[in-house]
Every structure is written in structure tokens, then in C-alpha cells.
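Residue numbers (our numbering), protein chains in the order written: chain A, 792 to 989; chain B, 18 to 1011; chain C, 2 to 335.
No lab work stands behind these hints: they were computed from the structure.
Treat the hints with caution; some may be incorrect.
Label-pair distances were calculated between CB atoms; the ranges are [claimed, not checked]:
1) 1010(B) with 35(C): 34 to 40 Å
2) 897(A) with 95(C): 36 to 42 Å
3) 1010(B) with 919(A): 54 to 60 Å
4) 876(A) with 258(C): 42 to 48 Å
5) 47(C) with 847(B): 53 to 59 Å
6) 986(A) with 933(B): 47 to 53 Å
7) 1010(B) with 126(C): 32 to 38 Å
8) 1010(B) with 258(C): 23 to 29 Å
9) 47(C) with 1010(B): 52 to 58 Å
Idealized CB from N, CA, C, for every residue including glycine.
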Amino acid sequence: MARMKFLCDADRCIECNACVTACKNEHEVPWGINRRRVVTINDGKPGERSVSMACMHCTDAPCAAVCPVNCFYTTADAVVLHSKDLCIGCGYCFYACPFGAPQYPKVGNFGSRGKMDKCTYCAGGPEADGSVAEYEKYGANRLAEGKLPLCAEMCSTKSLLAGDGDIIASIYKERVVKRGYGSGAWGWKTAYKESIAS
Amino acid sequence: MLIKRSERQARHGTLAAAFANQTSGNLDRRTFLRRSGLAAGGLAAIGALPLTSVRKAEAAGSSPGPGATIRKNICTHCSVGCTVIAEVENGVWVGQEPAWDSPINRGSHCAKGAATREVVHGDRRLKYPMKLVNGQWNKISWDTAINEIGDKLMEIRAKSGSDSVYWLGSAKFTNEGSYLNRKLAAFWGTNNSDHQARICHSTTVAGVANTWGYGAMTNSYTDIRNSKTLFFLGGNPAEAHPVSLQHLLEGKELNRANFIVADPRLTRTAAHATEYMRLRPGTDIPVLWGMLWHIFKNGWEDKEFIAQRVYGMDDIRKEVEKWTPEEVERVSGVPGEQLKRVAEMFAKDKPSCLIWAMGQTQHTVGTANVRASCILLLATGNVGGPGKGANIFRGHTNVQGATDLGLDIVTLPLYYGLVEGAWRHWSRVWEVDYQWFVDRFDKTTAVDGKVTTTMNTPGIPSTRWYEAAIPTKDPKDNVSQKDNLKAMFVMGHGGNTVARMPEVVKGIEKLDLLVVADPHPTTWAVLSERKDGTYLLPVATSYETSGSRTASNRAIQWGEQIVKPIFESKDDNEIMYLLAKKLGFADLMFKNIKVENNVPVVEDVLREINRGGWSTGYCGQSPERLKLHMANQKSFDMRTQKATSGPDEIRGDYYGLPWPCWGTPEFRHPGTPLLYNTNLSIKEGGGTFRARFGVERVIDSKVMENGQEVTKQVRHNLLAEGSYSKDSELKDGYPEFTLGVLKKLGWDTDLTPAELAVIQKVNPTTPDAVSWSIDLSGGIQRVAITHGCIPYGNGKARANAFGLPDAIPTHREPIYTSRPELVAKYPTLPNARQFRMPNVGFDMQKAAVDQGLAKQFPLILSSGRLVEYEGGGEETRSNKWLAELQQDMFIEINPDDAGPRGVKDGAWVWVTGAEGGAKARMKALVTERVGKGVTWCPFHFAGWYQGVDQRGKYPKGADPVVLGESVNTLTTYGYDPVTGMQEPKATLCQIKAA
Amino acid sequence: MTGILARARFIIGALLLLFVVAIVAPVSAQQPTRVNPTESSVKEDQLLQQMQIINGRGSLPDAKSYNLEQPAGRDWRAFQDVTLPWIGAIAILGMLALLVVFYLIRGMVKIENGRSGRLVVRFNTFERFTHWMTATCFITLAISGLNIAFGKSLLLPLLGAEAFSGWSQWAKYAHNYLSFPFTIGVVVILLIWVANNIPNQIDIEWLKRGGGIAGHDHPPAEKFNGGQKGIYWIVVIGGTTSAITGYLLMFPFYGTGIAGMQTAQMIHGVVAMLFVAAMLAHIYIGTIGMEGAFEAMSEGTVDENWAKQHHSLWLDEVKNKAPSGATPRATPAE
């Protein structure tokens, strides 16, 4: 089985936000929830780099470890998903997540957290693949349709890569060899406890 | 939780059903790799890797579930020409998929492209025709709207003449829409017909065309992959053309190319540079001349290229000598060492290309800027080959096409100009009597009794339309036409794109009639205090209409209607037909165009363009050929853009048949991927510089002869010398082809009798004068190309563009300069009358210096583009997926300027402009992107005016999600003498904490 | 603790960065002649060494989205998954064990002279209402809180995912909503009894003599003895700390960032565990640990002999205040 990962090649990312709106488009994500975002480090200074970030679908995911109700599960493709039926909106996954992925719609009283929402790697949720219920809660299930996450598929510069970890790592390595330097596979050490030589 | 549309249920419901029976199956390996973002050619490196798969399902590619249809159109938000793949079900656009097969975007999009579905289904669209009655928006029917508007237009025509109606068109039109819009103005009887190119690349078109023939990008986005040095001067494609960066960055990686960005801001593009050079806004010429100074001094120029293919380089040398490294640094701020290094890279690490956008064009010296850029390319021999050239990045889907098709005040479609010959040419194509057009135009009788028409006079530039609407104090300053402007008919054009908005507001209020035909109400609807005489017509977006679009690389793509116009919208073509019908010339205007249910058949429109588009090579791109290209996108190689597989009808074609695509469609010219490339034969897309400026230039010069000074005529050869394209039978320069030239060469016998008959018909009295550009048979082009010659002749490019105000590009300080002490040495051009109006830039500059405005307004104000928005921004700010990402208008200010002013990052500030006490309230973005003394604003915002929120003035439910101050409230006077381009890239402002 | 170490590292890192920036600043004010943004691009590893959160600029209004990486979550996770359960288990189970052992050795502390039948008013209605409101809230908060910490291991296997999640959802609501009356209770407790709970010499003496529980000694005590004062301050300080840290978590990003919330959660967890353990002792002594103690809060009155035994000074005070000769509340004993 594939081990799905994300890799943002920071040398290619230009903060065009295509990943962000592609995600909105594919899943009809409401205003205020951003499953993916782009952050620019050292903005305006030489050496500035932008990185697109969402749930990295970590190995041994911290969110799953700290969830008090065990609402997370990992698919055969190593995608970390969760059940909104089980989630109680406690916010622990947000404290644990190294990437700020979990989002909570503000519901009801004093802005308390609703059910957590995050990137699903376009793989839906526990409901039947491609079902209406799945779409309503989690958005489209592209993986079940044989497609990869739309954010990466639509990336303007092919900076954001999605797919099997070995394949995207080799694509990245090939680039590093060609251009003579690496840009660091941002977040890999934290998420997958590995880094790609650069 | 997630809100979903019922339509999506259908899609996923059916998909679920479709996949229910598939329990296993592997994703096709190639598709998987491609979907993993792998560049072509990299497969070998990972050949040993095991193919992993996703959970289930066959490789779906872009195939939708049963019931969903795939439609292809082109993203409207810039000129890269990204294919948009839409999944449509029951007439509803339910999903968007990556367009893997497009040889241009290969699946990619930017934020705007990835959000286009919302453009069509957004609930902020204008839903039905509306009319302003006593300050209130009232819903009306289409019939009422067209009738009332038509009657009012006729009334204005009767009273004030045809020139008092301004037809402002759009770069969002398809080619067919652009052409019809220009045709409509011609049939109405005015040259007051313009569109967005005026404010983006009018100076490029003028400057570049005056240098080597055509005013367009010489190469293409994908060709930049071949460059070894990329020099960006006045462009930020990472934000304005994000998908192009795919090619630029890959090129940078593959070739280890120099990626040099010169910009006042450290932009997102500059962040990826190998060399970043900060210059003061408006000092492009000093920088370019400074580079040439080093190049000439060290002999790095391409001497052979200059000798064979360039005219007047010696005149440039004289000007360049003045720009020593010290002077360049004094004027532009660029350090001498860096400039030398950059000059050396550009001249030596070839092929080099120059990339620019509005950073060069939007200046009073815009035309001179782009000319200087061309000259740098010419001096280093970097034109006419892969990886070289002037890569001019344009801003809309079809701004290139709309420009080509003459949505312009100086020309009829396809650059024929406004001379009698041009009118006669189009009269023949349209099969309408020439005299009919003469009668449509206003006549003025001069003192000597001579009657002239405005038929051959350039119209009013859209940058200055409002001046023509306001009667001047002194009648001699008034607009040179029968009366002031009384009506604006605006189609797909924002109202906040023109500088000096406080003046624009006055102009809008003066109009008797304002019609805004647009998917959104736009700034036009809310900016003024108008109470009546204003109509809003809901127009379909480009995604709701079929037709061709010309990308920046001159490639033409056929986009098909994704869904029918939503709500009560109609597409541009239908509205123009209804109007023509109301105005009484529909039968003539649509004589050769079939009209079904009031909608002109776009294929017929394109065929008519083909029949008249000889001058620019718009003659070979028939709708059939374009549709075939679109259907077989995957047959085209991304690197070369050439079809290497697929049906025979497209084999060997370049994608989108980039113009010039010579001859008739049957001639099957493959299109010209790179202009002026002598390494290809003409019939395979090669070219030479266009012999557009005559065969020779005769100058009177004084020489000493026998001790006496005499005036002698010196003849300069303007034709190429010893340079010609591959397979050319003429091994030297040659003039443009006419029947007469063919006869001299003895090639006229190659013409068929049918072709000869058509040529005879074009000019029965002197058929020998019929040239390649007005020969409706295409015979002259065919014969010339068969002999390996290009129809327009083989000339030299002009380093000295005699005839232009600055034949040798000359640095001139902006009107509102931050360096008044430089004005004495580098003043702007003297006042002059241009485009029916006086240009008093000189007086304005002098007054600004005398009043010490640079002290009161010590910060340079520049403007530009954000990746999330486009143009005036109405459409993109109404798109909730995009609007969420940029919710406030802001001004970038350097920490060194912010500190003393007490301005904090994210806090509100008041920005005041240098003219008329203009002010605007926005947020401060304190950043080192801009250098000290420079500020920068995005130009997409509107809906706030001088601190007042105008949301209430929009028709209910049609207000954009995000509103903000327009930067053009603060921008100032200043116009390029050649095109009327405004100067929003370099003016002055002051900021204080709000 | 890893978290605190991490914070310290963050602060040092930030200072270092400031220092670097300060050195670089004057240089960048002039234009360097070689600016190669690609060459000088920021590196993840360096940034992670310098500071705990990599953050930058974004265009969304939500400032927390500008944090790109915050590996501190891993430290927090370790605390949450390992340290806190151990602290909780040791504190709570330890306390329970202690009490059991104590009970087995000492048994219930009897009223040595038997009940006198004369009752002394110890807590008025308002005091008792406050106590019980706070106590009820506390117990609910404790159970729902412990559910978050231990429910996954203890309850989930028994209830199954759906039922456990449903219960936990209600428990979360209860935890959030009951925090308000609990907080009010803590504030009122602080106000009404603070005068009686200032530690003094008597308490030291009382403590030295083992509070009379370990042996059969009866050191004099005021209304509240040293042990009760300890409980009082545990309630006030523990309650306030839990409340403050709890509200920081309940209103995310009002007044604190992600690091602050992680710290707040750690404090909340540790304090709550210790608080629960302390309250177990309080409950023990107020119920089966001591004869005649529970009625002080249930009825509001105590037997005079109980008062004499445990709060002699207070009894004297009460008697002195009362009309001379009169017995306190002459309610005849049965």
C-alpha cells in the first residue's frame, strides 16, 4: 500500500494560494475554515520563502495520540482521518499538532469549538466512499476516485507534491540534483521523522 | 459544518454508484506519476521504484461520472492561457479538474484559476437589467433596457454627434466579442473605442511594434525554459502570472539559469531570484542604458547581429555614453558593481530574455522604456530564437486578442490603422460600401471650408475619457470633436482602473447616459452621485460563452461555453447584436454572420476575422483548426508546443496556431511560436524583422565638399543585410510583398487565376499595389512563403525609431518625482496636443517642482497586482474563496518610514495623494518588501471612496464581498505621448496614522 | 519539565535572533552589492534551532494561521500522554491508598466524650449553599476532566466508541458550563472565609502536634484548624488556577497563543489532578474519617463536644459572643 505524504518544495512555492482555493472549490469549505494555507517566512527580505501547509498526515500522529475520544484513524494509505461523529471539539489535537492543521468552526455560545475540521488528503471520512454523507461532513473523496488531492494537482509551480512518499521524495531529490541545492522538505522531520538529503 | 450544494450530491452520488462495482484496480502508473507532479523526462530516475497505488478505482484522469460532461474553457484572470476543465451536470458546473493535457498549464492553476467555478456560480452576480431611477436601482426587462438605451444613444447622436458616445470594451471579450465591439464602434461611426490594453500594455504595443514590427511577446511562457538568463524588469509574474513561474522556475533549475529581478519591491518573484536589484520607480531607462554602457565598453555586444539586423545602434551608443555607472547610481540607486555583473550575465550567458509587464509600461516614458528594453535585446543579439526575446506578460485572458482585434483608438482590427486604405480594406471584408462609413462619422468644417471627418483621427484614450466629458474653461483646450462625451457604454471594464479618480467622478456625473454591461455592477455603478440615466446590464462571464482567446504568446485557444448564461445574463455578442438591431445597422454589420435567436454564430465571426486578418496572420486559424487543437491538447509537446502525435490535421502545428499563422486555413501554416526566428523556414514558423518602416531612410545631412558645406542626402538601408530566414530564395533583405514585387521576381505566375481575380477586384485600377496584407485571396502570402520569404518583408529592427517623440529612448523623470533636483536635467516632454486633447505634463511637472510637492509628499507611491485579485477586482472580490484571502486594502511601507510616523503593521492609516487633496483610508503593511521612501498599494480595491463605505450604493445582493479604497483615488496626472498611458507606477503620497 | 525547558529554549532563541537582527540591521540599511535571495533562503533546520515556532506572514485575518510549524506539540503530547497520567495516577491513587491505610490504622475519629446533645451553629445556610454548589460543580468537573485524561483507556473499551463519544460530549459541555458556578463558588468561598483562614502561630502549634488526628492529642484550634486552612487555600488557589487556565482553553486565542494554551493545559491538568487528590482527603475527613464532621456542612450545626475536641478556641469564642450562661442553640438532643 502507498504511504501518502505531502511535500512542499519551498524553492518552487510562490504563495499563489492555488492550493488554498482549490481546496475550497473541491470541498466547498466554508468561509473561516482553511484546511490549507500558505505562510511566508522572512517576508520581504532576501531569503524569503513561502511554504504551503496543511495536515501532513504524520507518522504516529500526535493528534490521534492526544485525542481523548480516539476519533482519529489512519487509512491503509497512511492518511490520518477523523470522525466528526466522535469528535467532541476539545481542541487537544490543535495543541498537539505541529502544523496548526485542526480548525474549529465557531459554534453557539462564547465561540466554543465545533467539530474539528482538517485536511482529509481528499480522502473523505469514515462514511461510504463517495457518499453524500461523506461529502457533507468531509468533502470530496478523490482518492477513492483514483485522484490525488486537488491542492497538489493544481499547484501552479508543481511545488506542492502529493502521492506516495517514496515517489514524491524521489521527484524532489531529482530536482535537488538538477538545481544543485535543496530547499528542505519542510515539516518532514517533524511529521515523518525523516528528512530528504538536500 | 460544510455547506454543500445539491448539485454536488448528484455528482458524488453518481460517482459512488460508478465505483461501487470496482473493488480493486491500480492507478495507471503514468497518470499517477503525473499526478505526483513529476516533470516529463524524469521517469527514468524513478523507474526502479515500486508502483504504489491508491486504495481503489481505475485511473480516472479527468473523466467524470456518468451524466457529467467535461467542457474546456480558458481561465480569464491573466494571459497565460490556462485551460479550465469543468464538470457539468444538468446545466450546473459541479466540479473543476486539473487540465493535465494542456501544454501550457499542465494541470496547474493559481488561486484565481482554482476558484473560477465560483465566478460563474457566485451569488454576488448582477442578476437582471437594472436602471437607476431617482437614485434607486429598479429591475427592468431586457427589451426595455435595449429600447431605452438605444433611443437615448440616437438622441445623443442627433444632438452631439457620433463621437460623443464612447465604447469602452474589454480584454475579457473573446476574440469574436472584441472584433464585434470594434465593428460596432465603426458602424456607429466613432474611433472612441478602447479597452484595458490602454492602461496595461499600450506602450508595449507601440514601442515594440515600432522597433521590429509587431507589438507582442516574441516568444512564449514555455519557451523561457530555454533561457540561460532571465531578466525581469518591471514584472512580478509570481503574483500576476503564477502558472508561468512553473516554466520559469523549472527553466532556472534545469539550466541553472541566472534569474535576475530588478524591481523597487522585493516581490514574490524576487524572492526566487539569483540576483535582486532594487531601483527607484521610473528609472528603467537609466538601468538599461547603464547595462548597455558596460556592454559597449567591454565589447560584449553581438556585432554581427547588429550589423545585419539592426538600424541605428550607433545613435544609441551616443545616448548610452552619458549613463556612466556613477550617473546610473545617482539616478536609479542601483550600485555600479551590481549593474556591471548583471550586464555581463545578460550579454554573455545567452540565450537571455527580458520579461516585463506594467512596471515598464505605466509611465510617461512607457513607450521609451520598452524600446530601451528591445534595444538591450538587439544589442546582445537576443531576439529571434529559443530562450531569447521580449517576453511581454499581458494581463487578461484575451488582452492580446482584444488588442489585435482593434479595440483601440488608433486602429481598426488587426493593426490596419485608421487611414483610408484601412477603412477600404475592412469595407471590402465586411462587404459594406466605404462611403457608408464616411457618412457615419461626424464632419467638421475648417475655416478654409474644408470638410474633415473624425474617421481617420485617433480617438480619446480611456485613461482620459473623463476629461473629454467635462467642458474646459478655455474652449481651445476642449476635446477636438463635435461635442464633449455624453455617453459611456462600458462592457467588462472596471471604473477604478483609471488614475485621478476624483476627476473621474466629475466626468461620470457629467454624462447623460452611462451603461455598464458586466457580470458585476462595478465601480461605475457606485462611484458618483448620479441619480438617473444609468443602466446595468447583466453579462455572462467568459465561461458562459464560446469563442477563441489569444494568450500572451499569441496562441489562440478555443473555449467552449461551460454553462448557459446564468440568471438573466446574456453574452456580449448577443447584447451587441441587440444593440445593432436597435440602432438600425444589424443587417449590414452581421451581413456574413449567421445569427441564431439573436446570438451571432461565433464560428462565422472568426471566419470573417480570418478573411480580413492578413496583416497579423489571423487568417489561418479557422474555428475548425482551433477546436481540433483543443480536443487534442495532449498531442502537443510542452517544450516546443509542437504537435508530435494526434490526427494528421494538426501534426506539425504549434499549439494554438500562434499568430502570424499565414495564408488561408487550407494553406496549413503551423503558426509562429517564436517571432523573427531566422533558423526556421517561414512555412515552418520562421520569420525575420518586419520591413515596416520603408526600404530606406533618407536624411539630409551637412557635409563638407570642396571646402564648402553642402546638404547631401544620405540613404540608410532599412532592409536586413545578409540575414534571411532558412530556405529563403532571397538571400538578403527584401521589402514587403505586393503583386508588383511578385511580378519583378517573376513569381506572379505562381498565383492561381482565382487568386489573381480577387487581387484585381481589391484594386481594379492598380492591382500591382495590392499588398500581402490586403490581398483577400491570400495568394501573395502563399506564393511568397512558397519561395521561403515572409510576406511582410525582411527588414532591420529599429534601434532608432525615427518618428516617435523620443526616437532614441531618453530618461525623463516622472511628473510627480521624488527627485525634483533631477528635473532640470531630465524633464518630461513639452506640452503638446495628443489624442484630441492637450497633454500638459510639462506644466504639471514644473508646478510640482516649484511647489515643493516632494517635500509635502515625501513617499513614492507605486501600485500593482495581488495574486488573489485581478484588474479592478470587482469579479474576484465577489468570489468568496478569493475574497477571504485578502480582506483589506493596504499600503506597504518600509519600517524606517513607518516608525517615525507612528504607523503600526496592520493599523489604519490615511494616505494623501499629491493632487487635489485626495485621501484614502487603508491598512498599513509594514514590510521590507519596499525600500525606504517607497510605498506600494494593490490596485484591485474599490467600494470605499475617500474614507466612505459605498456598500449601500450597490444594487442589493450584488455588492462584492470585499470593498476597499482604490489606489487610483491617489494617483496623478501624467501620460505617455505615444499612447496616452497613465503613470500610476510612480507618483507621490504621504501617510499618517488614522 | 520538558515544556518549561522548551519555553526557555524559545526565549533564548528569540533573544539570539534579536541579537543577530540587531547586528545585521545597520548593514542592510545600505544596499549590499550582492543580493541573492535564492542563496540566502531561510532553512527549516536553522529556524527550528532558533525558535520553537516557525512563523511568518499570511494574508488570512486569523493570525494563528501564520504559524507554520510548532514542534512543541510533541513535548506537549508527551506530557499529555505520559507525564500527566502518571502524575494523576500517583496523586489520586496514592491519596486513596493513603486514606485506606490511614482508615485501617486509625479508623474513624470519634467524639471522645460522646455527643453532648448541645448543638453549636457552625455554618449558616449561605455558607452551606456555597460549599455544596462548589462541591457539586467540582465533582462534575473532576469526573468529566478525569474522563478526558483516563476515559480513553478506562471507559472507551467498556462503552464503545459511539457511546463513549456521546458521553464525553456531554461531559465536555458539563465541564465548560459548570465551570462558571464553580468559579463563582471559589470567589465566594474566598470572600466569606478568608478572615478565618489567615495562618497563625496556633496553626503551627496545631501542625506540630499532628492535628490531633495521628494520636489522641487535641491541640487547640480556631474555627478552622491548620489542616482546614490548608484545604481552604488549596481550594482558593487551585480553583483560581484551574479556572484561569481553563478559561484560556475554553476561549481559544483570546489572550494567549498556542504555546500559552499548551502551558495552560499543562498547568490545568497538573493542578486539577493534585486538586482532586487533595479533595479526596477533604471528603474522607469530612465523612467517614471523623465522627460529627459531616453534619457541620449538612445541618450547619455541630455537637458541642465535637467542637470542644476539634475547635476549642472557636467554641470559646462562640460562647463568649453568645448571651452569658446561655447554651448555644438549646436544641435538645434526642
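Hints versus structure:
no., hint, verdict
1, 1010(B) with 35(C): 34 to 40 Å, "holds (36 Å)"
2, 897(A) with 95(C): 36 to 42 Å, "holds (40 Å)"
3, 1010(B) with 919(A): 54 to 60 Å, "holds (57 Å)"
4, 876(A) with 258(C): 42 to 48 Å, "violated (30 Å)"
5, 47(C) with 847(B): 53 to 59 Å, "holds (57 Å)"
6, 986(A) with 933(B): 47 to 53 Å, "violated (58 Å)"
7, 1010(B) with 126(C): 32 to 38 Å, "violated (58 Å)"
8, 1010(B) with 258(C): 23 to 29 Å, "holds (26 Å)"
9, 47(C) with 1010(B): 52 to 58 Å, "violated (35 Å)"
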